[in-house]
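Based on the provided sequences and hints, a complete structural model is requested.
Chains as they are written, first to last, in this note's numbering: chain A, 1 to 114; chain B, 1 to 115.
Read the hints as simulated data drawn from the structure, not as lab findings. Remember, it's a predicted structure, so these values are computed and weren't measured experimentally. Note that beta-carbon positions come from the ideal geometry of N, C-alpha and C, so glycine has one too. No incorrect hints appear here.
Pair ranges (Cβ atoms, derived): (1) B:E68 x A:P79: 45 to 55 Å; (2) B:E20 x A:R77: 35 to 45 Å; (3) A:S3 x B:S53: 23 to 33 Å; (4) B:G28 x A:I12: 34 to 44 Å; (5) A:K69 x B:E14: 45 to 55 Å; (6) B:Q84 x A:K61: 34 to 44 Å; (7) B:E68 x A:S18: 46 to 56 Å; (8) A:S70 x B:P61: 34 to 44 Å; (9) B:T76 x A:S52: 33 to 43 Å; (10) A:K61 x B:S53: 29 to 39 Å; (11) B:S87 x A:S3: 20 to 30 Å.
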Amino acid sequence: AQSVSQHNHHVILSEAASLELGCNYSYGGTVNLFWYVQYPGQHLQLLLKYFSGDPLVKGIKGFEAEFIKSKFSFNLRKPSVQWSDTAEYFCALMFSGGYNKLIFGAGTRLAVHP
Amino acid sequence: GAGVSQSPSNKVTEKGKDVELRCDPISGHTALYWYRQSLGQGLEFLIYFQGNSAPDKSGLPSDRFSAERTGGSVSTLTIQRTQQEDSAVYLCASSLLADSTDTQYFGPGTRLTVL
Numbered sequence: 001a002q003s004v005s006q007h008n009h010h011v012i013l014s015e016a017a018s019l020e021l022g023c024n025y026s027y028g029g030t031v032n033l034f035w036y037v038q039y040p041g042q043h044l045q046l047l048l049k050y051f052s053g054d055p056l057v058k059g060i061k062g063f064e065a066e067f068i069k070s071k072f073s074f075n076l077r078k079p080s081v082q083w084s085d086t087a088e089y090f091c092a093l094m095f096s097g098g099y100n101k102l103i104f105g106a107g108t109r110l111a112v113h114p
Numbered sequence: 001g002a003g004v005s006q007s008p009s010n011k012v013t014e015k016g017k018d019v020e021l022r023c024d025p026i027s028g029h030t031a032l033y034w035y036r037q038s039l040g041q042g043l044e045f046l047i048y049f050q051g052n053s054a055p056d057k058s059g060l061p062s063d064r065f066s067a068e069r070t071g072g073s074v075s076t077l078t079i080q081r082t083q084q085e086d087s088a089v090y091l092c093a094s095s096l097l098a099d100s101t102d103t104q105y106f107g108p109g110t111r112l113t114v115l
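In structure tokens:
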């Protein structure tokens, strides 16, 4: 069965620190990969997505993610976090033949301190 | 409206009662999805609609759960004889087409509490 693992459940950083959130998936076929973010009191929003082509994907608010097929990974990065990045981050996959349903990881809560 | 809307935003019910949750997708979006976000299970897919038909109901946890979509627009998720384990935030999402490249836009959710 398809699954997504996010290694860090809680991350605490100071402003200006660099961020990397891990995401690994389990599926042997073609996948589309996503990072969604949920800011406090707001609904899920798309940060970035990967379908094909350049494995380094750039999203909104300075976030990027790299798809490494050999490692089944899609880690999220940001060189310098801000207090406003405090949120919960979800990695998700969509697989061929899956009717476009998203399979989510458990999420990572990020707290950025000023 | 500009985004996906859901109603009610909060629902408190007693165990054994039936509840209906409503989703209004973005106008013109043909695909509609229901997900559930709970403490123990994270974010789980429930059901997918393409137009008014539901080709994928694989995520519905039991036969107490059903959903319909009428006119290719509004969808209703019904939970019969609610149980405490049904307590969760129920999220609706829509996308323009049923295409894997399309972004799914999420609504604010309905927080269901079963006492």
